[in-house]
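Here the protein sequences come in this chain order: A and B.
With our numbering applied, the first sequence corresponds to residues 1027 to 1414, in that order.
With our numbering applied, the second sequence corresponds to residues 1027 to 1414, in that order.
One should not assume that every hint holds.
Because identical chains cannot be distinguished in the list, a pair is counted as satisfied if it fits within a single copy or across any two copies.
[As the list claims (entries may be wrong)] Below, a list of computed lysine to any residue pairs in the SDA-like style, where the Cα atoms sit at most 25 Å apart:
1) Lys1234 / Gly1339
2) Lys1283 / Asp1061
3) Lys1402 / His1028
4) Lys1283 / His1343
5) Lys1289 / Ser1103
6) Lys1387 / Pro1328
7) Lys1183 / Thr1135
8) Lys1402 / Arg1030
9) Lys1289 / Arg1033
10) Lys1280 / His1028
11) Lys1125 / Thr1107
12) Lys1074 / Glu1180
13) Lys1280 / Glu1392
14) Lys1256 / Asn1130
15) Lys1395 / Ala1405
16) Lys1031 / Leu1042
17) Lys1031 / Lys1280
18) Lys1338 / Thr1091
19) Lys1255 / Pro1144
20) Lys1283 / Lys1402
21) Lys1395 / His1343
22) Lys1031 / Ala1408
23) Lys1280 / Gly1345
24) Lys1289 / Ala1177
25) Lys1387 / Ala1407
26) Lys1356 / Gly1388
27) Lys1283 / Ile1347
The hints are simulated quantities; they were obtained by calculation from the structure and are not laboratory data.
2 protein chains.
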Amino acid sequence: MHIRKQRLLTPGPTPLLPRALHAMMASDIHHRTQDFIKLYPQVLADLKEVYGTQGDVLITVSSGTGALEASISNFFSEGDTIVICSAGKFGERWVDLAKAYRLNAVVLTAPYGAVVAPERVEQALRENPAAKGVAFQASETSTGAAHDVQAIAEITKKTGALCIVDAITGLGTMKLDIDGWGLDIVVGGSQKAFMIPPGLAFVSVSEKAWAQNAGAKLPRLYFDLKREKKMADKGESAWTPNVSLILALAESLKYIKSLGMDKLIENAQLLALGTRSAVTALGLELFAPHSPSSSVTAVKAPQGMDSGEIVKGFRNHFGSIIANGQGTMKGQIFRIAHLGYFDFADLFAVIAELELILHSKGIPVEFGKGVAAVQKVYAEAAFKPASV
Amino acid sequence: MHIRKQRLLTPGPTPLLPRALHAMMASDIHHRTQDFIKLYPQVLADLKEVYGTQGDVLITVSSGTGALEASISNFFSEGDTIVICSAGKFGERWVDLAKAYRLNAVVLTAPYGAVVAPERVEQALRENPAAKGVAFQASETSTGAAHDVQAIAEITKKTGALCIVDAITGLGTMKLDIDGWGLDIVVGGSQKAFMIPPGLAFVSVSEKAWAQNAGAKLPRLYFDLKREKKMADKGESAWTPNVSLILALAESLKYIKSLGMDKLIENAQLLALGTRSAVTALGLELFAPHSPSSSVTAVKAPQGMDSGEIVKGFRNHFGSIIANGQGTMKGQIFRIAHLGYFDFADLFAVIAELELILHSKGIPVEFGKGVAAVQKVYAEAAFKPASV
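Please model the entire structure based on the sequences and the hints provided.
Below is the structure:
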């Protein structure tokens, strides 16, 4: 009816960094010329700095799932045992991958909204001493719950197994001390906290992982990380790179470096805290109250209401695109994202919109109450030292 | 400290329509080829439709001031009498133009924040029966006050004078019935409700104005509207056009047509109403309470505070760029814009930010109170028919 700017507020794709978007226009360069060979090593170096590891970080031209597949196909042989923590739709993807590649998967499940306790991983590794890997999500995007990455990593580190982390929505929203904690493989995606469109994925590989790679017999070609590393060392990519996204990534990495990765994480954590505070003030329930991630907050729809009505309300009334639940959670929850290029102004608006949507559905709401909860979080964080 | 998206929330330049911005990338066409000659007549036709006139609407490659100058140089001769309503910095610009072109200016001034009453125009025209024009601002951007365009036009229509309207921030924020009310010259600018960057201005010209143009002897070349019209009738522009902005304008006009000009105006009016309601709820005073425009709301800084501190607070804490006062109003007022590509989500955030800035300055604020006032305006407008 009136102006409704379309705002992409989902946990991936996330809002685009304008300067990264504009940089994509410079794509008329050839990837086997000096133009690209000047650009690519800098991008890889910045990516390593943002990951915060001394190990390798490689880029695949794929969605995140491609890099998850690379994390299996490069480090295992048929019949190898892998321990999988499955606490949501993305945990189930590890299970699908293990099945597709004929691994022996020891699956530790947690109900949607909960996570797998580190003690269960410890026990599984004790019972399966030949396990070659432990795979899990740092942040399970489908439920808004976060695993205790450090604890799982420290348990895994003492064994021969690789610690394989789907950090696609974990990077930039939680501390991940890759080298200190011993995270052997950490997967990221361009359309998450990296603030650019989908199409690139990232994989860090530790020394321990490279050692296991040497004996890994699963078939691979496009996602052969050894080949990718050899080319990366020469400043190139193994296959034709997505040049427009590499240009965008160069800009977004510069931005993240200037902001500081710790500040990017704190930003997501504050927005998540504000969101939890706001929805609770509005009488709504969190879907993952005990181990909430800071990448996305999953909120239960009010009793008797399909969460799709709230998602639709956001789109139809305000042009705001937020996420419904996935799989069996569809209709039960809606999800407000915090990862990447989100700021408090986004959140003030989202919560004001949520209040209006609840009101329009006949749910009693005190206008401004949720917004005030977010404002309190902002004031605490931003004004405390300078406040009157 | 954290992510602060830069948001341009000034009364021009205004927020850019993304699809118009993206269209600028197609600028590699030549303006004397079919590529452009297919584009330009459609843009002129759409511009006429959006202006809502059967008369001519021409484009100048200039800022709005260039088109104001064209409104003088094309329709007057040295020594001609012009009545000017001056109620702010832009009223003073009419006076400067009249002086530069050696017209006999009868200047009716109103204090900043007020406007010139139509009766004073009537009297001035009675006292100056040879007057060839009445020039004024539809919306005086510097003060946030709006003239009664219809009343002034109806008075002017009965005389030989042209009704010359600076509608640079009036177009798209208030009803302007160009043909019905007899607005002879109506000036607009690209970076206002047209949602694209600065660089183009627009002038509508009535039959009465063309008749006066025939005898107007002031010197002109670049801004010769007769020449511009001749070329426009052939589908071209007189001089080299700003092709990137014409491409952007083509998109923004399509968007405005799809939204409806009446809805664009209503959008600005609702946002202005919400803003007035919010700042009043927060105990602040309006600068133009009696004749507020819907293009921009000027708000007095709290007693004893420089409004620049509020403007700085918006920028430093939130990345939001809002306008200070101009000239002697600098430090006294700050201005929140509504014209063009603004929506309620913008306003929810701006008001939440204002509350936090006031709080940070030690002014007692109930968080969410101003936002709630905006939400009430939204709910009234959007939910009334469908609400429970």
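Honestly, which of those hints from before does the structure not fit?
1, 5, 13, 14, 18, 19 and 20
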